[in-house]
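Residue numbers (full-length UniProt numbering), protein chains in the order written: chain A, 1 to 425; chain G, 1 to 425.
Any given hint could be a false lead.
As the list claims (entries may be wrong) - With a cut-off of at most 25 Å between alpha-carbon atoms, the simulated DSS-like pairs for lysine-lysine come out as follows:
hint: 1; chain 1: A; residue 1: LYS372; chain 2: G; residue 2: LYS81
hint: 2; chain 1: G; residue 1: LYS317; chain 2: G; residue 2: LYS328
hint: 3; chain 1: G; residue 1: LYS46; chain 2: A; residue 2: LYS81
hint: 4; chain 1: A; residue 1: LYS274; chain 2: G; residue 2: LYS139
hint: 5; chain 1: A; residue 1: LYS345; chain 2: A; residue 2: LYS372
hint: 6; chain 1: A; residue 1: LYS42; chain 2: G; residue 2: LYS174
hint: 7; chain 1: A; residue 1: LYS372; chain 2: A; residue 2: LYS405
hint: 8; chain 1: G; residue 1: LYS174; chain 2: A; residue 2: LYS139
hint: 9; chain 1: G; residue 1: LYS42; chain 2: A; residue 2: LYS318
hint: 10; chain 1: G; residue 1: LYS372; chain 2: A; residue 2: LYS42
hint: 11; chain 1: A; residue 1: LYS81; chain 2: G; residue 2: LYS372
hint: 12; chain 1: A; residue 1: LYS274; chain 2: G; residue 2: LYS387
hint: 13; chain 1: G; residue 1: LYS318; chain 2: A; residue 2: LYS46
hint: 14; chain 1: G; residue 1: LYS317; chain 2: G; residue 2: LYS372
Note that these hints are calculated values from the structure, not bench results.
Protein chains: 2
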Amino acid sequence: MATTSAIILPCLFLIAGGQNNHDWLSWGNEAILPPHSSILEKIDTKPTLLVSGGRGNPTQPSSIAAFNLPQMAIAEDAVIKIVEDIKHGLRYLFQTNNSNTLAIVGTGSLGIETVLDNLVEPGDTVLILLNGMWADRVKEIVTRLRIPIPMMKPPGSIFTMEEVELEIRSKKPKIVYAVNGESSAGVFQKVDFIGDLCHKHGCITVLDVIHIVGIQPFFMDKWKMDVVVCNTQKGIGAPVGKAPMSFSSRAVEKMTNRTTTPHTLLNDFQSWQKYNYWRLDATRPYFTHHSVPILLMYTLREGLALLSRDGLISSWKKHAESNLYLRKRLLEEFPFLTDTVTEPKNRLVGVVMLSFPNYLNSTEIRTHLIEKHNVDVNNGFGPSVGKVIRFALLGANANFEVADKLVNVMKETFAHFNVSSSPKT
Amino acid sequence: MATTSAIILPCLFLIAGGQNNHDWLSWGNEAILPPHSSILEKIDTKPTLLVSGGRGNPTQPSSIAAFNLPQMAIAEDAVIKIVEDIKHGLRYLFQTNNSNTLAIVGTGSLGIETVLDNLVEPGDTVLILLNGMWADRVKEIVTRLRIPIPMMKPPGSIFTMEEVELEIRSKKPKIVYAVNGESSAGVFQKVDFIGDLCHKHGCITVLDVIHIVGIQPFFMDKWKMDVVVCNTQKGIGAPVGKAPMSFSSRAVEKMTNRTTTPHTLLNDFQSWQKYNYWRLDATRPYFTHHSVPILLMYTLREGLALLSRDGLISSWKKHAESNLYLRKRLLEEFPFLTDTVTEPKNRLVGVVMLSFPNYLNSTEIRTHLIEKHNVDVNNGFGPSVGKVIRFALLGANANFEVADKLVNVMKETFAHFNVSSSPKT
Numbered sequence: 001m002a003t004t005s006a007i008i009l010p011c012l013f014l015i016a017g018g019q020n021n022h023d024w025l026s027w028g029n030e031a032i033l034p035p036h037s038s039i040l041e042k043i044d045t046k047p048t049l050l051v052s053g054g055r056g057n058p059t060q061p062s063s064i065a066a067f068n069l070p071q072m073a074i075a076e077d078a079v080i081k082i083v084e085d086i087k088h089g090l091r092y093l094f095q096t097n098n099s100n101t102l103a104i105v106g107t108g109s110l111g112i113e114t115v116l117d118n119l120v121e122p123g124d125t126v127l128i129l130l131n132g133m134w135a136d137r138v139k140e141i142v143t144r145l146r147i148p149i150p151m152m153k154p155p156g157s158i159f160t161m162e163e164v165e166l167e168i169r170s171k172k173p174k175i176v177y178a179v180n181g182e183s184s185a186g187v188f189q190k191v192d193f194i195g196d197l198c199h200k201h202g203c204i205t206v207l208d209v210i211h212i213v214g215i216q217p218f219f220m221d222k223w224k225m226d227v228v229v230c231n232t233q234k235g236i237g238a239p240v241g242k243a244p245m246s247f248s249s250r251a252v253e254k255m256t257n258r259t260t261t262p263h264t265l266l267n268d269f270q271s272w273q274k275y276n277y278w279r280l281d282a283t284r285p286y287f288t289h290h291s292v293p294i295l296l297m298y299t300l301r302e303g304l305a306l307l308s309r310d311g312l313i314s315s316w317k318k319h320a321e322s323n324l325y326l327r328k329r330l331l332e333e334f335p336f337l338t339d340t341v342t343e344p345k346n347r348l349v350g351v352v353m354l355s356f357p358n359y360l361n362s363t364e365i366r367t368h369l370i371e372k373h374n375v376d377v378n379n380g381f382g383p384s385v386g387k388v389i390r391f392a393l394l395g396a397n398a399n400f401e402v403a404d405k406l407v408n409v410m411k412e413t414f415a416h417f418n419v420s421s422s423p424k425t
Numbered sequence: 001m002a003t004t005s006a007i008i009l010p011c012l013f014l015i016a017g018g019q020n021n022h023d024w025l026s027w028g029n030e031a032i033l034p035p036h037s038s039i040l041e042k043i044d045t046k047p048t049l050l051v052s053g054g055r056g057n058p059t060q061p062s063s064i065a066a067f068n069l070p071q072m073a074i075a076e077d078a079v080i081k082i083v084e085d086i087k088h089g090l091r092y093l094f095q096t097n098n099s100n101t102l103a104i105v106g107t108g109s110l111g112i113e114t115v116l117d118n119l120v121e122p123g124d125t126v127l128i129l130l131n132g133m134w135a136d137r138v139k140e141i142v143t144r145l146r147i148p149i150p151m152m153k154p155p156g157s158i159f160t161m162e163e164v165e166l167e168i169r170s171k172k173p174k175i176v177y178a179v180n181g182e183s184s185a186g187v188f189q190k191v192d193f194i195g196d197l198c199h200k201h202g203c204i205t206v207l208d209v210i211h212i213v214g215i216q217p218f219f220m221d222k223w224k225m226d227v228v229v230c231n232t233q234k235g236i237g238a239p240v241g242k243a244p245m246s247f248s249s250r251a252v253e254k255m256t257n258r259t260t261t262p263h264t265l266l267n268d269f270q271s272w273q274k275y276n277y278w279r280l281d282a283t284r285p286y287f288t289h290h291s292v293p294i295l296l297m298y299t300l301r302e303g304l305a306l307l308s309r310d311g312l313i314s315s316w317k318k319h320a321e322s323n324l325y326l327r328k329r330l331l332e333e334f335p336f337l338t339d340t341v342t343e344p345k346n347r348l349v350g351v352v353m354l355s356f357p358n359y360l361n362s363t364e365i366r367t368h369l370i371e372k373h374n375v376d377v378n379n380g381f382g383p384s385v386g387k388v389i390r391f392a393l394l395g396a397n398a399n400f401e402v403a404d405k406l407v408n409v410m411k412e413t414f415a416h417f418n419v420s421s422s423p424k425t
């Protein structure tokens, strides 16, 4: 060190900027706003059973383990293979052959904003099948871009083919947006007819498949879907932080032929094509235009690898069986609970949503479950807060053991609130 | 299982949507597009010394370790403490008392887009101190929002107070955007005078401090900066995936009084205020409007905790000493290398950028370094590709051992390319 200090000291006060002639190496702490004592403490977290479907989702252990793999530079062959593997895994998840399949950095919500910003141009009309909170948010996203013409229905509604075709004929939208699994209302919107309608009437289908893919049957190509968006932490079982998406050639054509730029530069589809970070053209050089979240890439790759090894049918089966088993056991044990979504065909596979009688408040019950049992359930959104209880057995938690555990903690919980759990008569 | 199958089977074909009356539980794999064989293989990564400053950055071991902590639900007290701790840590990092300090999900680039989308309204003028690749990208971001009036200078230039004041007087901008550390050109732009100028002329300073904070002295409040944005993987030493930022009361006032909405809903400052996810108002209920990347939150908290425990002066010292030591040793050992940034006061602390004579090609050298030594360096951006070599000793790599190792691998590398390394005469 003695040999270098002569070099260091004269340079440092020049480099320090705004601190001319001030040798800050000799400063005491008095020149600095001190750190808060709270962050000097040890981090304190505890295991929680995540079955709310929204507030948090369990990550598959093999996906978490990938965080501990060595970090590499982004342009190495092993990393390019990971990029390709993620694309393979997503194509399998979505059941598509689209080469334009990738995952941006961000949450599912950012993915949805990004897709719409890329697809919608001034003058376009967007038809939204508004069936709950998530579609309502899309209405707001589109409003910030252009003027939408949403279809208005109460939360929990389902659209028929006839209704959608009527709206397409009269509103002539360029984009039809649907939420396949409206998790806030617990409802499943059948979408396989929308692709044909959109092909017939020259519009692009955009689909939120966040609570669907990996959980229940979905076929992007067979159903002629143009754009699908999801997140990483539900059916895939990877941590939050990437938004997977896939584009049909019809969608790519619309984005490539647009005459205005999207508002985003980072997530402009044409930037992705230009920099080729997702190897949309595998014959061109690989280049990135942002810092790659390499550890999140590893974990996403491992989540998709697990799904690919186990197989989609096995994953759909596991989610269907465990969630149906939980619903059946809860309804048998607690006769005062009722199905929130009355029509079985309108229920999402990956959600068990039950309504409470007026004398129970699910917000209090939720608090008891988290405080006494470290079990995180959902107690409704907006108008349903306090009136429903929502479980979601996803990924690592989609099994009978977790279902049985939940029935047992509910027994203790209802007893705690002095609610009878005698069998239905 | 026997007791539940009677329930499951009749429901499933209804739920499956588009597969009416098709019992997909009995499907063979022929109905499904199969997974690609590549993703069924084991993931294959190897340790790499990340000293490029851009292609990848080392994560501090204590930050990585946080990925393995138990996942919790987002509204629990322990998680709210983590949110508060991150804010404390960022305030210390930025040297500010701003309550409006937070970190969105995404990369630094998304942070910059988000800040501009929130701040700029139709009719505003944005003055960009364009001194390299990163500012050039901001010119494009602002163009996608409104029309900017950038100051044009060749990459690597530095702006004086007189120049900036002249531009402010003539262009009357609402926003002045500067890149404090232009890593692509290796230059440091002094910014402490910009705050006073902006206060005097009624404009808002927005500063990219990505390659600065945690690496060399920076004082948000003392220098009267209005908005700063960074990423998590340089001075903090946490994984990529969050974009920290802080807003002065002047910036908050501009965002709160705007009459139009930003293009983003997810990252609208007013959404953050409304949902209170970052507890911008600690007296109001805590609510989130997106899936929280809880594991990234843990790692960011731990990166900031390490910085808070060690202290900023220690971190600045470590970065200055190790990078200066590396520069000195490289210039001594390899007399054919020269400083790319000639003026010492214009050099960034966290970058060692050296130019090559014509007979050497740094792209070939970079390839040799990664293939033979697993060392990732940078070989320039745009016009400088192949002409420079750029090292960045950041975070866990900011020490003399890594510097010495790099000198040794460069000795082997130059010998491999038959370049003399005799002492300077």
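- Which of the listed hints are not met by the structure? 5, 6, 8, 10, 13 and 14
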